[in-house]
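Chains as they are written, first to last, in my numbering: chain A, 1 to 278; chain B, 1001 to 1569.
By construction, these hints were calculated from the structure, which means they are not laboratory data. C-beta: ideal position from N, C-alpha, C; glycine also. Every clue listed holds true.
Partial list, computed: chain A residues near chain B (C-beta under 10 Å):
| id | residue |
| --- | --- |
| 1 | ASN139 |
| 2 | ARG165 |
| 3 | ILE177 |
| 4 | GLY185 |
| 5 | GLU224 |
| 6 | LEU225 |
| 7 | ARG226 |
| 8 | LYS233 |
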Amino acid sequence: MKQTMLGYLKQESLIHNLTGATKLICLILCSLITMLTYDTRVLIGMLIFSVIVFRLSKIRFSDIAFVLYFILFFLLLNNITIFIFSPYEGVKIYGTRTELFQIAGPYTVTLEQLFYHLNITLKYLAVIPMALLFMVTTNPSEFAASLNKIGVSYRIAYAVAIALRYIPDVQRDYHDISFAQQARGIDMSKKEKLSKRIKNITAILMPLIFSSLQRIETISCAMELRAFGNHKKRTWYRERDFGIGDYIALVLVIFLFVVASVITLSNGGRFFNPFKSI
Amino acid sequence: MRQPVIEFDNFSFQYRAQAHPTLNHINLTIYEGEKVLIIGPSGCGKSTLSNCINGLVPFYYEGEISGSLKIKGKETREMSIFELSGQVGTVLQDPDSQFIGLTVAEDIAFKLENECNVREVMEKKVARAAKIVDIDYHLEEEPHNLSGGQKQRVTLAGGMVEDIAILLFDEPLASLDPATGKAAMELIEEVQMRTNKTTVIIEHRLEDVLHCHVDRIIVMNEGNIVADKKPNELLPLNLLSETGIREPLYITALKYAGCEVKAESNPQHIDTLKVGSSCRDKLVKWYTRISEERVSNKNQTLLEFQNISFGYNAQKEILHDVNFEVKKGDMISIVGKNGAGKSTLSKLLCGFYKPTSGRIIFNGRDIEEDTIKERAEKIGMVMQNPNQMISKAMIFDEVALGLRARGVPEEQVALRVHEVLKVCGLYPFRKWPISALSFGQKKRVTIAAILVLKPEVLILDEPTAGQDFKHYTEIMEFLKALNKEGMTIIMITHDMHLMLEYTDRTIVLSEGYTIADDIGANVLTDRAIIGKANLKETSLYKLAVKAGLENPRGFVKCFIDYDRRTRTR
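Use the sequences and the hints to build the structure in full.
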């Protein structure tokens, strides 16, 4: 069976040793910074920071390459759509218009627009490594524990964790069912017309839903029989105490957050405008 | 004075959605430290009874209760499922479907987490429970990567990690291969001896449970308790076969031969059974009277596996150089422990995966290039769980699915579906919704849905899993009848009875190698093969050896033929 994508990769590293809660808080703060600001200097700083963190984690690039390319494809798509629907967004934001060349009709490439696209791309690039890293360096049960720690109800946290844990099982069910139905003549390959294929998918989905429901019933019985939901709180076997690394990481990220906010606000807006002085 | 732990007093229960009560006026007391087996055919109420003990009834499955049930002197209705879980540790059927934690340690700790234990306490308790069931060297592993027997150990540890009074096992043998099942019974016995916990086992596979000692057997039928006896007192009676439970085979053999089975001869276990000289003479006489050699003369090869090797990835090969052939009209079984590659073999045959080397020859032609759909015209595959195949609401539509997908005109579809439904005994139900059918009938629908495509060979994955003796006989006789009509049948199974009784030949896989290709009676009397493939020696053979019969293998074969004829008459 294939290794599941974005599954937990066991390793010994500084990043792995941080508790799930620390990683989650850091991820949220870093995402906030990159979401809020369009300041190119801050974004470049964040990008460098996340590349460093990625190196520290000892995760190989090839482990996440597929997902990364997938996201980059969407980034490209995103950029193209922005340009198509709003070719002068940059002009509007930065208040100047430096035309470079005309493509066709109303579409003229401006320096301001290019700069705006650069910022958007930087935003993605700065936050993607962090998010991927969080997924592959956090043990799913610690993930549940960390959600619980930042205030999410443990029932919901556990629902998330157990969903993650059942993905491989459902995948296996899906494979078996789709094989069995294909053997009965339900064609899922490209040879069949799209409308027919969509109809054929129900032949797989119905049994998949029913066998999943069965699964859910068994697992919820098993959980109740072991006192899940008895108390308002629960403890976590995998929960770890905050170590020195966690405090350092938190302080560092909070510091970054403050610095980034100050720089961003000092522009008098979310945008850093290099065109004003020209 | 022994302390009662579980007390049913005139207890009845009716599920909310059901018209009749599932349990009728149950009176039953189980004492501290006792080990009790509750046995009965499907639908007799034994699972409901176990759900009453652990609190799933009425807290999870709702319904009407009358009478009283006390656990350690406390009325269960006034407790909660959580309070009960502090007294009763339950091990459900299929270990795979009840793992919650991602590692063994976490799974064992699950109950402790919910009870808000601090981590240091949890670690201590987990270590202790893991040690009792001997899984302490696997704490950091993923439960799914363990073997079947180890998985069972984990679920057991998870159930008894807190200091509970009662251990409850709901069909602990259902998904295990024979040798692992044997080991599971030994484990239960060992844990019970070490901790002296009251142990309740729900099962219908009597002979396998009796591998270890039990104090009492409670026989249930149609919601009532029909017997409550010590094994040695129960086995001489004919009550078991009357309620549709399979007696241990050696007991049946003794009864056929006309031997009197008495409590004094200690029949609860084949090793402790005393076979007197008069009984011995009767066995010899019976054997010589009915023995006859049957020779099969099939010769046309239908299907051939030639040097098949396969692995899901390049690093790990699952099948190594597998060779065997299937003659037209054969009914064969493929056996072997979990993960030996049995199911993989069927997937290769259907074309779901391609072998890395070797050839599959069907009717003299290499089918390597054939697509899944093309192969399906010749090879029909029925999956273990009918829920994994059924995608329509009505029986007719489900059976017609394959034909319609192939563009067969609707008049012809109706004709062929009706024909197949008659063969499968489902014709009277043709207008019913599938949801109204029993599990066994659903299984038949899935078989019909494949048969309608007129394959030349039928592969069934565990055709009788989870079925009681009556349904087992029904399904297997149905398949046998198909086989008599000329259908070639291949079954993948854990069930030693099935392989002995219904197959002409057995192919044994172990670690991806074929280690035997012989008739069932020979396989199940060969110690080397039994050991390698996690099978279990049949008690008939032991009986024959014990009675000093000259040809124990012949005796096994002869019993099987005789028993089937008697049963289906």
